[in-house]
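Engineer: As they're listed, the protein sequences go chains C and A. Numbered by the working numbering, the letters in the first sequence go through residues 938 to 1095 in order. Numbered by the working numbering, the letters in the second sequence go through residues 171 to 817 in order.
Keep in mind the hints are simulated off the structure, nothing from the lab. Any given hint could be a false lead.
Stated by the list, open to error - Computed, partial: chain C to chain A, Cβ under 10 Å:
1. 1002
2. 1003
3. 1020
4. 1024
5. 1031
6. 1032
7. 1036
Bear in mind that the values here come from a model prediction, so they are computed numbers and not experimental data. For glycine and all other residues, C-beta sits at the position ideal for the given N, C-alpha and C.
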Amino acid sequence: MNKIHTACKHMFSPALRFLGAEAPGFSAALPRARFVMAFAAAILFALPAAQAGPARPAAQTGAKLAGNAQKGKKIFVSDGCYECHGREGQGATQTGAPRIGPPPVPFVVFQSFVRKPINEMPPYTAKVLSNQDLADIYAFLKSIPMPPKGKDIPLLNK
Amino acid sequence: MAKQKKLAVDRRNFLKGAAAGAAAGAAALAVGPAAVAAKAGEPRRMPPPPMSAEAEIEIPLSPDVLTVDRSGSDFMVDVIKSLGFEYVCANPGSSFRGIHESIINYGGNEKPEFITCCHEESSIAMAHGYAKIEGKPLLTLAHGTVGVQHAAMAIYNAYCDRVPVFLILGNIINETKRVPGVEWDHSVQDAASVVRDFTKWDDLPISLGHFAESAVRAYKIAMTPPMMPVVLVADAELQENPISPDVKMHIPKLTLATPPQGDSGAVAEAAHLLVAAENPVILADRTARTPAGLARLIELAETLQASVIDLTGRMNFPSRHPLNQSDRGRGLVAQADVILALEVADFYGAVHTYRDQVDREAKSITMPGAKLISISSNDLYIKANYQDFQRYPEVDLDIAGDAEETMPSLIEAVKRLITSDRRSAMQDRGAKLAVEHQRSLEQARDAAAFAWDASPISTARLCAELYGQIYKEDWSLVSATTFVSHWPQRLWNFDKHYQYIGAAGGYGIGYGAPAATGAALANRKYGRLSVNIQNDGDMMYAPGILWTSAHHKIPLLTVMHNNRAYHQEVMQVQLMADRHSRGITNAGTGTTLLSPNISYAKLAESMGVYGEGPISDPKELGPAIRRALEVVKRGEPALVDVLTQPR
């Protein structure tokens, strides 16, 4: 548990702070509040469940499916991910959707959350979004380059 | 809307041989009316009041009398001028043709000056935006039926936002005085009924003296917190019946009520809780009605060294103040031992999360034992039908009173209680909060860098480019920042009250463009640069406001946030599709504005407004805004269409 906790903590950039805001149906009272929720804790609960039990074939987990970033970019738009997360996964406080790339969380975390989100996010079951689609979206998110720091963009320092 | 007029020879009855004095309400008359004989030798007689038994007797037609020196609407304009309205916003309507003509001729079309609107929703929303800058209402006019129906949503927004709007409706209450046809469709027995659930007060005066008293009373009621729209119905006969030019009628003196203050004992109790708190949090929503409210909140927060979370119902607290912790809101609320809510519209929502899935559920986010204090004028006037009063919040101390007015006594009470030990603890707290504030600012800048070069343009880039062009000017952001994820509050330096005016209040879309125009109208005389980040869907409700801004030379820089959709509903329908695991690619049906794409630049130009765009390359945005700014600095509106990310 400690090892997982440390590993996940390392991957949790500010990107994964939940912003309690105006996702569909969300209370609008604190539109800018950052919800520093126990996303880590939630995933930590999910991870053991995902990893426990007999090993499942790669096709079911999607963990070893090769993803196509170009296809993933199209699905990211057509299937509505961009609506809350932005077209480059940058997130938006108004929707409460966090930044999901770059860099994205581990694939198994990503997949688990998309299938069964714990908060406001609409669920995407395998019926409408295959594991291959997920792998493609993930490849797209991984392909987005990291931006410079805000302090290095003069327009952001007025 | 302007209604078609069918003329009939018996349209108006005039007293035979007389231009009569004012109608009933004899107490309001300083001097009795003088009836002017149309023919020499004809005896003068007092005209019967319109609602008296005598008025039931039909007065013979007098087709010879076609002109009169003065009508009741002239006196109505005397009353209107006594109330100090700068402008009157209206789409013309024949049911108030009397007041209209009196304003532009008898009144000289100044104070108030007639602002021509293409939709009553625009008239009211202009008044809504204006009032939040100027601190007082505009006059608006509308038909008592079709006009007020058009205006209804805008009135609701102003009501929810607690903003004063003064609306006069035209109507013909006496059915024998209506031309057959359209005037019957446009007449109503109770004109204000359609909006009574979301206005504060209304009246149908039946004499000019009554009109005068009700107009002054209505203004006073509108301006007493909680402020809300008020309605007067100006009967067309009262407007158009002649009055003697010699008659002097009394206009009551206007004395505004002092805003209600919180009970001193309760304020003292609040001060105790706040001074003793380890992690006090102040929630500010519609706190700063005026610049005084901004200054008082700064003093209160600094005295306590307390976190302030600005919920942006108004410009409440400087964005770069070290105690501004708005970016950390939820987390701080969860750790707070005392939470003070100052005119917070939704206190329940501020201290709960609410999950909108199949099972909708709320969860409290406050820690056990946290004390909740509310100071608000909301409870002083609540109506039952429309549910804008939000879910019932469980608070420990509920102080009914205007927050801005109560703050001075709260500050004094706090100061009296601070010991040297508490002062030292507060200073330590303040130092830590300052560090957190700086960290939040750096994190916001880092977050803004993501999707920096994206096309469509990110809302962060849009707001940063815009600020880069205006930050040295005396700017005023006259639009809500909700749909651009509040990037201005996170990146710009807000420190003046007029730099932000909040949002629609009732979330009625269509508020944006006209409210920005009304606020810009208020800003014009101060030489401020008004800036509007304009949602595309909002613009499409009543785009005629663009013509109004061009015609009246209202300088306003509009930068489109054009995501080509009613995007909130795109997300709502997406949620439904996902819930059913079906049609997840169909959420754009019925929610997007595509095929064809609307050209907002051409729309603007068609109405006399400078337009450029659409801009989809972020590198072109700065120069385009600069070009538009040159137009605005010449005193005219300008629009730049920008293709943007959704939020």
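Engineer: Identify whether the interface hint at residue 1031(C) stands, where standing means a beta carbon of chain A within less than 10 Å of its own.
Structural biologist: holds (4 Å)
Engineer: Given a cut of 10 Å on the nearest C-beta pair, is the interface hint for residue 1020(C) held or broken against chain A?
Structural biologist: Holds, about 5 Å.
Engineer: Using the nearest Cβ pair, does residue 1036(C) come within less than 10 Å of chain A?
Structural biologist: holds (6 Å)
Engineer: For the restraint on residue 1032(C), tell me whether the closest CB of chain A is nearer than 10 Å.
Structural biologist: This hint holds: residue 1032(C) lies near chain A, its Cβ roughly 5 Å from the closest one there, short of 10 Å.
Engineer: Does the nearest C-beta of chain A fall within a distance shorter than 10 Å of the C-beta of residue 1003(C)?
Structural biologist: Violated. Min distance 23 Å.
Engineer: Grab the minimum C-beta distance from residue 1024(C) to chain A and call the hint holds if it beats 10 Å, violated otherwise.
Structural biologist: holds (6 Å)
Engineer: Please check whether residue 1002(C) passes as an interface residue: C-beta within 10 Å of a C-beta belonging to chain A.
Structural biologist: violated (20 Å)
The structure is inconsistent with the numbered hints 1, 2, although it conforms to all the rest.
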